[in-house]
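Visitor: Spelled out, the chains give:
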Amino acid sequence: MTLDADHLTAYALGTLSPEQQAEVEKALERDPEAQREVRAMQDALTDMVLELEPVALRPDAEQSLLARVREQTSSVQAHTSVLEVSRPQVQSQQQHRWVLGAALAGIAAVIALAVVIPNLPAVQEQRIQSEFREYSSRPGAVAQPLLDARGESAGRLVRLATGEVFVLLDKAPVNARVYQAWRIEKGQNPVSLGVYSNRNFLTSRAVPNGETFAISLEPPGGSDQPSSAPIAVAQL
Amino acid sequence: MEETDEQLIARMAQKDESALLELHRRYSRYLMAMARRMMTDLDLAEQCIQDAFLNAWNASSRFDSSLASAKTWLVTIAHRRMLNARRDSAEATLPLEEWDSPSESPDLLEQQVVRRAVDTLGEEGKQLIELAFYQGYSHSELAVLTGKPLGSIKTQLRSALTQLRKHFGQTVQGGAE
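Chains as they are written, first to last, in the working numbering: chain L, 173 to 408; chain H, 25 to 201.
Think of the hints as simulated: they come from the structure by calculation, not from any bench. C-beta: ideal position from N, C-alpha, C; glycine also. Take these hints with a grain of salt, some might be off.
[What the hints assert, rightly or not] Derived CB-CB ranges, DEER-like:
id, chain 1, residue 1, chain 2, residue 2, range
1, H, S113, L, G382, 16 to 26 Å
2, H, K172, L, A378, 36 to 46 Å
3, H, G175, L, R240, 39 to 49 Å
4, H, Q71, L, E297, 40 to 50 Å
5, L, A344, H, R50, 18 to 28 Å
6, L, A199, H, R50, 18 to 28 Å
[Said to hold, decoys possible] Below 30 Å or equal to it, Euclidean Cα-Cα: the simulated DSBU-like pairs (lysine-lysine) are:
id, chain 1, residue 1, chain 2, residue 2
7, H, K178, H, K95
8, H, K190, H, K172
9, L, K358, L, K198
10, H, K172, H, K150
11, L, K343, L, K358
12, L, K343, H, K178
13, H, K95, H, K190
14, H, K150, H, K178
15, L, K358, H, K178
16, H, K150, H, K95
17, H, K190, H, K178
18, H, K39, L, K343
19, H, K178, L, K198
20, L, K358, H, K190
21, H, K95, H, K172
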């Protein structure tokens, strides 16, 4: 894509479609001069906003924001625990394997992050990002981050109005394993939402709003119950 | 000495909630003012602002001050969230004749204060900037809405943005004209 002044203007104003926005962002990576132009336009628009007469929010806005931050953090931690204790006691050996598998998966993930994970071709990456934006732009779709157990970003998801979830993880599965998505209803064992070999996928089943969504790394074909700690969790 | 916005974001990356609250105190009321011009549902507006700060919290470790100032980064996050909310919720579009009024019936004083920078623009430039930035209309939609040729819309928008940049004392490159 060749950037011109109209592309940059529309990008700064936020009026491009998700696909066009993705194309411009890709082109901007290779054009420092265009980056400076966009930054200058966005700075001017920001200053325009900061000249507006301030409008007060609800008195509890700060507390409400803090509550969401803490809920997000505790959700990741709590549902990691849910996954770890959700299997019946009689399966203690499997639980040990679960912990061992989680540790191995953690080590594998670290190795993968540093060494193994291949770089996807630029065209493929652009297609994936466009796919995410297309789902995000659908009516009623809600995008949110996917976080790992430490609260760090592991990817993003979009819950569609129909309940299916489109997932875009930061990394592809490694070591001949697959991703398996789970829905977790409070107090219940995780329910599989399908097995996926790519880092971007649309779940085959809907997930009710308010439930917990998790992803684990599993052997090919998937597992009846998670065999490793979740690599990503989100409260829908 | 007051911490800079960039320093606050660096502390947010360390999961320091007090930094998030300070950034919220500095900017949330301006984001609410922006939201009032973009949507009529004030509950949705507050939700979008909260989403923007939560996104900023989650992305704080990736903030790069060489790419954008902290305030522009935050306003851009909020602006895009609000535009998406407008599109997703089929937020009622303001009639053209109401383009220069905030969504909630404002008092006269606010209307006067609201436009310092945009007052440097001509009437048409002001109208186009507001319709594009606050209402999310694309170039082609603006052409249909105003009945003007697409080329004229593009030229006027570029010119209006250039004037805004000059108003705020920013360098304007020839290529942006």
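Visitor: Checked against the structure, which of the hints given earlier come out wrong?
Guide: Hints 4, 5, 6, 9, 12, 15, 20, 21 are the ones this structure does not satisfy, whereas the remaining hints hold.
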